[in-house]
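Since chain A is already given, all that's left is putting chains B, C and D on it; use the hints.
Number of protein chains: 4
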Amino acid sequence: MKELKVGVIGCGAIGKAHVQRLSNEVAGAKVTAVSDYVQDTAREVAEEYDAQFFASAKDLIACDEVDAILIASSDPSHAEYTLECIRNRKPVLCEKPLALTASDCEKILHEEMMAERHLVQVGFMRRYDSGYVEMKKAIENGRLGTPLMINCAHRNFYQPENFKTDMAITNVAIHELDISRWLLSDEYEDAQVLKVRQNTKTNSDHLNPQLCILQTKAGARVIIEVQTTNAYAYDIQCQVVGELGVINLPDPSRAYMRTEAHTETPLMTDWSERFIDAYTVELQEWVKGVHKNCVEGPSAWDGYAACVTADALITSRKTGKPEKVLTIEKPEFYK
Amino acid sequence: MKELKVGVIGCGAIGKAHVQRLSNEVAGAKVTAVSDYVQDTAREVAEEYDAQFFASAKDLIACDEVDAILIASSDPSHAEYTLECIRNRKPVLCEKPLALTASDCEKILHEEMMAERHLVQVGFMRRYDSGYVEMKKAIENGRLGTPLMINCAHRNFYQPENFKTDMAITNVAIHELDISRWLLSDEYEDAQVLKVRQNTKTNSDHLNPQLCILQTKAGARVIIEVQTTNAYAYDIQCQVVGELGVINLPDPSRAYMRTEAHTETPLMTDWSERFIDAYTVELQEWVKGVHKNCVEGPSAWDGYAACVTADALITSRKTGKPEKVLTIEKPEFYK
Amino acid sequence: MKELKVGVIGCGAIGKAHVQRLSNEVAGAKVTAVSDYVQDTAREVAEEYDAQFFASAKDLIACDEVDAILIASSDPSHAEYTLECIRNRKPVLCEKPLALTASDCEKILHEEMMAERHLVQVGFMRRYDSGYVEMKKAIENGRLGTPLMINCAHRNFYQPENFKTDMAITNVAIHELDISRWLLSDEYEDAQVLKVRQNTKTNSDHLNPQLCILQTKAGARVIIEVQTTNAYAYDIQCQVVGELGVINLPDPSRAYMRTEAHTETPLMTDWSERFIDAYTVELQEWVKGVHKNCVEGPSAWDGYAACVTADALITSRKTGKPEKVLTIEKPEFYK
Amino acid sequence: MKELKVGVIGCGAIGKAHVQRLSNEVAGAKVTAVSDYVQDTAREVAEEYDAQFFASAKDLIACDEVDAILIASSDPSHAEYTLECIRNRKPVLCEKPLALTASDCEKILHEEMMAERHLVQVGFMRRYDSGYVEMKKAIENGRLGTPLMINCAHRNFYQPENFKTDMAITNVAIHELDISRWLLSDEYEDAQVLKVRQNTKTNSDHLNPQLCILQTKAGARVIIEVQTTNAYAYDIQCQVVGELGVINLPDPSRAYMRTEAHTETPLMTDWSERFIDAYTVELQEWVKGVHKNCVEGPSAWDGYAACVTADALITSRKTGKPEKVLTIEKPEFYK
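First to last, the protein sequences are chains A, B, C and D. For the first sequence, the working numbering gives the first residue as 137, with consecutive numbering after it. For the second sequence, the working numbering gives the first residue as 137, with consecutive numbering after it. For the third sequence, the working numbering gives the first residue as 137, with consecutive numbering after it. For the fourth sequence, the working numbering gives the first residue as 137, with consecutive numbering after it.
For the record, the hints were derived by calculation from the structure and aren't laboratory data. One should not assume that every hint holds.
Since the list can't tell identical chains apart, any single copy or any two copies may satisfy a pair.
Below 27 Å or equal to it, Euclidean Cα-Cα: the simulated DSSO-like pairs (lysine-lysine) are [what the hints assert, rightly or not]:
no., residue 1, residue 2
1, LYS353, LYS337
2, LYS194, LYS226
3, LYS337, LYS272
4, LYS300, LYS226
5, LYS243, LYS166
6, LYS138, LYS243
7, LYS273, LYS337
8, LYS166, LYS138
9, LYS272, LYS331
So that you can see chain A by itself, here it is in the shape it has in the complex:
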């Protein structure tokens, strides 16, 4: 198998981790090019991994020594780089969010359909987590019967300085928005944010927690509790309630102690550890898919659906009412 030459745009913490994974843990790929608007960072990574440094992401995308692109740059740049990849007819794995606005997402859908080829995958890595995969199988094999509800909790230990209220939806709950759609094989009908008593330790200006409630087209309810900071751990919980039973996302496997008159199992505090295996599977599957000319991961449509749903939630927080999740009609291309 010839190695896939991957160019990575964005060499921050996430980008660097992806470069390391592609180099050391994923078969059939190597990182041949890197770029970052902080050029020194990119140069260091380029040197360490024997890749070419590009001052311009556009040049990296166009380069002959780049077969496929991974975008891990800052959120506002995602849409433009993704479009550039499509224009170059190169497969691209773009970290979430796909774009900041629904119209930018629609532009990407349009361009990709024009290219008549599935080029775009969005970095919803949880779909590759073994726990969620097991839940999906339990739904599909019928053991739960019709799924009625999903209860999610996304509790985080801390966030960087400039965190804003909207980001609790667009950057945090967005994972739950995607995974619930995927588990249910359904689309959202409406979405609302309910006010909830605030964490007294959140002394920044953002709302924490927030409570999201969604309804799918089939009528299933999805409830998402979002604690963006100051929670007791980085703790991700998900329960699908079916008419025949419930299934829960398992905690990571950690040793169980009995000491000092209690039982105890450690929880994580660092989000980057929680889905670390899922990231590797995600990249491995993407590399395999690109080799076979058949990218089957989360599509541009999934990125779009998440974006439109996030918008509805943010609007609802302001109107205080449920808001319709209004997408364009789903094109045949994405079915």
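Coordinates of chains B, C and D only, in the frame set by chain A:
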């Protein structure tokens, strides 16, 4: 300790179980009188437990050989019998609901205040369950920090024939309405019922499940999933989400097996087994309280609050909007 | 039901708790007489529970106002008081151990057979614990297949001052010796104590921990880890390994928290809380049995078997080899 | 990083899986040569992975295009191939057992010491399992205090046709023999096999289960229950009992269901899935170590210690007594 002479009104399944408990498992009490509108049933119980049979509940309440009354008759009779007990200045433990309407509850509040003595206890037995008691302590000792949300699930295996949609609130979720108020030491501000995908096996005419969302005066959210029939077990779940941690109602202690390539722990299907210890503690504490002239269990106010909240939920189901939970101002007598 | 008049010999912590249970939590019984070699203690209990004080246990046993006797006095007195009860043809519940020596046990067996009536029950209360009962049922209903091994751990938080090495067997592991025989419906063939690394915090003169390994007549192995002091909690574990699966004694039901980056469930430190429900069931069943003239709890034979097995273990600790568990042939009377 | 050229001897199930891992999941290595005494199998693998086929393992070891060797051939061939690798001064990862006899192990120790370089690693992959690693850390950071005992269970679903009684020790329990030594940082003093009631479904001629009890030089006890076939699952349990607490090997992370009136989590039946991540980490660490000229995994001494301990257990099964674990004095080279 002189034995408390208890008269029991209602000799159906619950009433009979209470007679048995008062006779065999509770110290300091004996059942001296029973009544039921199905007279044969009451006569049998009277004979078995060496108690006096009364054709009239009113006569039973008035009888000198009855120091205190336990009401376990049909729901519509609760208010009238409770009022009669107050008029006779006799302590009464009334199974939930205290009354069918808020105005009947208010009448009871009024009469009890006129009597200038706490005579009425409502049968919210979960407050005596060791699991809920542990949760209450964890909140009060500050380990959870400010409580932000409560997630409840009430999943039931089956209901009798004539079950109606409203009863999912008035007879089922009412336990969660009470226990959440009690855990939070708070009152409800508003309440709503959200539509949710229906269990395909519910072929009767009632809605199943229903999803209730409440907001307390302090802003905490209470979410109650109510599956009245056809659930996988009789399963009661409750999680308090605080800013410093979460605490979960424990399952009953049952042996854990590993067999046939899975782990397995039995769940219950019979609601009457789930809180069986709580019923005994409830009755024991009530008997002790009556002996000391100091009934401290769930009060008429608690019965009233549950009733008004249930009304708001039922209205919300029809209006499709959150409804205010409007009570009279809480009298000093009940603080 | 006429109330059974119970005389209690021994008013220390355990005796007093039994008096309280018989008075307040058990139906069909009342404590009419108490005795203790510390007379003031007995007098206080007599007053509190409106019972008669006896300076002499022998007089208490003979008294007409005593239908049945509960022995909770110091270990060396058990055999003599039990024999006296048999001589008076009165049912007796004797706390473990039944006697200090096998020959004293045999004397009791002999006297009871002469009386031609089952009068003696030994206080192996764990047989009434719902967890062990569930395990017994799982074995009997065949879900585990042939039972092959039992793994027990008895870990204790602390022991009173004068604790001696032998007491780890005669007073601590004795519960595991009985419950394992009962779970397996089998008798022991041989028994040994293996040396094991010692707890560095045990600064008294007794060995801690000790490791007991037994073999039943059917070949099943029973392993008992005994930590008498300084363990992390009072923690009782038991696992039956069958050819089709394993079953574990459940922990008591306690609320489960997630806080401070770990999950946590409390464990007990006070042994007297651990089987508190089992004690109540034990007494209730004993009272019912006496009323029906049919005592079916752990018999004098069970007390004898435990005593002989404990002796074999103590001998093995000294010889360093497995020792046969040598009992008289089991009389028809005890089958 | 130049890729390490690995030659793999043995292309059965385990060997093939290792070839796949080295090719697709491990960074810095590629399989350049394969060999198997079933030549067709080796030729297929060679073709699939673009490696060179060798009819002779000796030629493969000597080949210039082979930097390091992985031995996954049949047990009797391990010692000879390992010695050949040492003679060629090439690093070798040999699947357990290192050799069939203690004297062959000693020969390997001798040759490796003569080579004055650590060339041999033995395939005790469990040391790379995250659960065992967590347990090791808990012991080393002192949270458990002095370790007193280890309780292991190795329960297997099935074994191939020609399974023999001794293999329960040499091929099955050998993993527990190694991991317990490693967890305790201790050597064995003596070892015994106790008879235990047999699984009625084991209709072949081997003993099942067996119960191994070992004592380390520090006095800690290691108990190993070995069920080689017909167990309820492939289930590996390990508990370290320390004076301050116990720690348990976690089960793999699997989704937890509540359905049909019970809770349920799947267990594995296929041993090859259980430590699949550990195998990858093992190979990755080995490759890194070889690159740095510093192989730090389980050494030839560890393979020798396991072999001698297994011999003592097998002897004990025949003598019915504990047997000393007699090794040569540990050379400075292996400390």
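Against the structure, the hints come out as follows:
In this assembly of identical chains, the alpha carbons of LYS353 and LYS337 lie at most 27 Å apart only when taken from different copies (20 Å versus 37 Å within one copy). For the homomeric pair LYS194 and LYS226, the shortest alpha-carbon distance inside one copy (12 Å) is at most 27 Å, but the shortest distance between copies (47 Å) is not. In this assembly of identical chains, the alpha carbons of LYS337 and LYS272 lie at most 27 Å apart only when taken from different copies (22 Å versus 36 Å within one copy). Taking the shortest Cα distances, LYS300 and LYS226 never come within 27 Å of each other, neither inside one copy (34 Å) nor across copies (57 Å).
In this homomeric assembly, LYS243 and LYS166 never come within 27 Å of each other (Cα to Cα): the closest approach is 30 Å inside a single copy and 43 Å across copies. Taking the shortest Cα distances, LYS138 and LYS243 never come within 27 Å of each other, neither inside one copy (33 Å) nor across copies (43 Å). Taking CA atoms no more than 27 Å apart as the test, LYS273 paired with LYS337 passes between copies only; the shortest distance there is 22 Å, against 39 Å inside one copy. For the identical chains of this complex, LYS166 and LYS138 are neighbours both inside a copy (10 Å) and across copies (13 Å), given an alpha-carbon limit of 27 Å.
For a Cα distance limit of 27 Å, the shortest separation of LYS272 from LYS331 across copies, 24 Å, qualifies, whereas the shortest one inside one copy, 30 Å, does not.
Going through the hint list in order, the structure does not satisfy hints 4, 5, 6.
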